[in-house]
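So the sequence shown is numbered by the numbering used here: it starts at 2 and just counts up by one.
Just so you know, these hints were derived from the structure itself, not from any lab. It is possible that part of the hints are untrue.
[What the hints assert, rightly or not] Pair ranges (Cβ atoms, derived):
hint, residue 1, residue 2, range
1, Leu91, Leu28, 47 to 55 Å
2, Asp239, Ala135, 28 to 36 Å
3, Val123, Phe42, 20 to 28 Å
4, Lys268, Ser130, 47 to 55 Å
C-beta atoms are modelled at their ideal positions from N, C-alpha and C, and glycine is treated no differently.
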Amino acid sequence: MLCCESRHCIGLVLSKVDVELTAEHTLYLLCILALLGLWLFHQIQVRAGRIQAIDLFDRSVVRFYLYVLPDDRPSCAVCAQAQGRVFLPLLVRKTGFSPLDGPCSSAAPCPGQLIGLYGGWVEARELVSRLQQASKNIPVRLSSDELSALVKGAWRKSISADTDRISMHLLEGWCFGKTDPAVAIEGLRYVVDRAREPRHLPYVVPAYLRLMDLLLRAGREDETRLVIEHFEGRFPSDRQHVDGPSLGQRKILQDMKSRLWETCSLKVSA
2 MLCCESRHCI
12 GLVLSKVDVE
22 LTAEHTLYLL
32 CILALLGLWL
42 FHQIQVRAGR
52 IQAIDLFDRS
62 VVRFYLYVLP
72 DDRPSCAVCA
82 QAQGRVFLPL
92 LVRKTGFSPL
102 DGPCSSAAPC
112 PGQLIGLYGG
122 WVEARELVSR
132 LQQASKNIPV
142 RLSSDELSAL
152 VKGAWRKSIS
162 ADTDRISMHL
172 LEGWCFGKTD
182 PAVAIEGLRY
192 VVDRAREPRH
202 LPYVVPAYLR
212 LMDLLLRAGR
222 EDETRLVIEH
232 FEGRFPSDRQ
242 HVDGPSLGQR
252 KILQDMKSRL
262 WETCSLKVSA
């Protein structure tokens, strides 16, 4: 049964049509009625919660940023305090912004990562609403369970699946190294192979280094070696890259190569 709103719309359409319709006019009328039916069906689906309505004028691709640390690595007290913090883009874009309350106090910098998301699935939409309503003086911070629920949410079925795909696979690499290393490794592979948009390029080097670390600790030395070779081919040390590795990241790479050599040597000697 049509609602009052739909009957009114159909009445308006019919009131504009002459009694004696030509074949062309009939076709126009049928097309208009088909579009009206499609719109009504969409409205019913939205109200039932089966699909999500979005603002067509919202052209942003990032509605919040999330700071995460690897789930299988120790971190300093300063960085640990920032784990799971959520920030609005307006704050992140400010000069001098840092997700930390102070400098990292670890001898080897903690590999924390700030990841931007649109967030079209249920858990992410609730987080955006929570962030928008929060006090500016009290940062929003996800607990371990809330972070896990966000990453395991049905993001692949959401309206932001394509927009968030790279970021979500990067999150998998950071959040599942301990609980599901296979998913973490495949997620990181996806990032290094598919990240091409300018907003994703800063994720590539951290994803490479994290991937090497997980592969090496999993005893997959041959795969680690291939990833290192691929990294060095993509970011030669004699060239400068806007989103290439920093001096600190080059040092991490050298440490990774030393670990790989030591592991292989120990296996040969055994």
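So, going through the hints one by one against the coordinates:
no.: 1; hint: Leu91 with Leu28: 47 to 55 Å; result: 50 Å, holds
no.: 2; hint: Asp239 with Ala135: 28 to 36 Å; result: 47 Å, violated
no.: 3; hint: Val123 with Phe42: 20 to 28 Å; result: 22 Å, holds
no.: 4; hint: Lys268 with Ser130: 47 to 55 Å; result: 52 Å, holds
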